[in-house]
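Participant: First residue of the sequence shown: 1, per the numbering used here; consecutive thereafter.
Fair warning: there could be bad hints in the mix.
Unchecked claim - Simulated pairs of lysine to aspartate or glutamate, EDC-like, Cα-Cα distance not exceeding 20 Å:
no., residue 1, residue 2
1, K189, E161
2, K38, D52
3, K372, D392
4, K289, D325
5, K400, D193
6, K400, D386
7, K284, D264
8, K399, E352
9, K272, D249
10, K372, D249
11, K189, D325
12, K324, E268
13, K38, D264
14, K399, D193
15, K372, E352
16, K271, D249
17, K324, E311
18, K38, D325
19, K139, D52
20, K324, E161
21, K189, D264
22, K372, E362
23, K271, D193
Hints were generated in silico from the structure; no laboratory data involved.
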Amino acid sequence: MKFGLALAGLLPLFGTALAQSVSWCDPANGLCFQAIQKRNMLDPLNPSGTYDLTIGVAFPTSTSSTEFIGEIVATNNVVWAGYDLGASMANNLMVLVWRNGNNFVYSTRMADAYTVPAIYNGPTVTQLASSTINSTHWKFVFRCQNCTTWRGANGQVSIQESQGSGYGVCLSSTANCVTTPASASSDFKQHNDFGNWGMNIAAARTSAYTQYLTGYGSSSTTSRPASTSSTRTSSTTRTSSTAIPTPYDYIVVGAGAAGIVVADRLSEAGKKVLLLERGPPSTKETGGKREVPPWATSTGLTRFDIPGLFENMFGAADPWWWCKDMTVFGGCLVGGGTVINGMLYYTSPDVEFSSQYGWPSEWGNPTPAINKMTARLPYYDNPSPDGVRHLDQVYVLLKKHFQTLG
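Kindly generate the complete structure, drawing on both the sequences and the hints.
Facilitator: Structure representation (structure tokens):
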């Protein structure tokens, strides 16, 4: 694994939050939630496979209440699903559920690092009546009591009215996702896929909470407003357009991994290029100044320059760097996704650029381009001044993975 300057370093140039939950009502049980919905998500271990996942929550109107009602709906190839009440897995309460035949097995968990979460005692999870299993999907509806506060690494953590949240799933493409399905304390395998979003707890508060405890809303079918039709009339007057010349040969929209490289290559060819990015600067080199930690003031380095601050991106109070209009990780700042990956990257083997995978034949040898990039943006694989590789869990994990793949 190599540490290097992000592609943002190619062009010094010139806030948002995580994708947000939406209001959603389950037509089968009449419960309305703030929810995140994933549709046709690719199975990382089975390119032809997909899965669906919905996670919704409803809270009482009282902000002093310590409980909520949740619903997790998934396609049957989701063996286990975990809902993290914080934006990162470590040191946040997780509700974990899997099927055992026609029954649900569930528990509350917590991990103090990126390891298999252990049983966390204190909360009480109760399955509600509208939980179902059918031939295509399963739906787990539950009440979680004493679930709005938990013991984190630095003391008590309380859920906020706008709360970063996360999920993880293990899919049936992985053998033995759960070691002992009948046991709520069973070990289980690492997630195949995961994601984060912003859960709007304030909007999830409902005066119908007491009714919801039955597992159903006031009606088991969703009432829909009467549809109305309208006729839109427009009149358009066509005028001749006048092109206003600009001093640029090309305007590239989006200063992410693709946009920066395109703009750089065009500039290299002698073209005048304007590169536009909707988000602010990121690294020191791009003019970033918003995220300089106090202990790095003398260097001017931002959190995007410092690999060790990567994990903190998921639990920050104001994570403006995430794109809010997509449900996958996206960086809306100069450098895009390249500056929210902890400055880690690895180069793919030449075979992945082979024409047998659809690439142009002249791309079969990417080495010259890689050498050109590393000459421009030097990398290093030992970031510690003492020469010792600390906290190498990611390396150990990926080493096992790649060794398995040969």
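Participant: List, from low to high, the hint numbers that the structure doesn't satisfy.
Facilitator: Of the numbered hints given earlier, those the structure breaks are 1, 3, 4, 6, 10, 11, 12, 13, 21, 23, listed in rising order.
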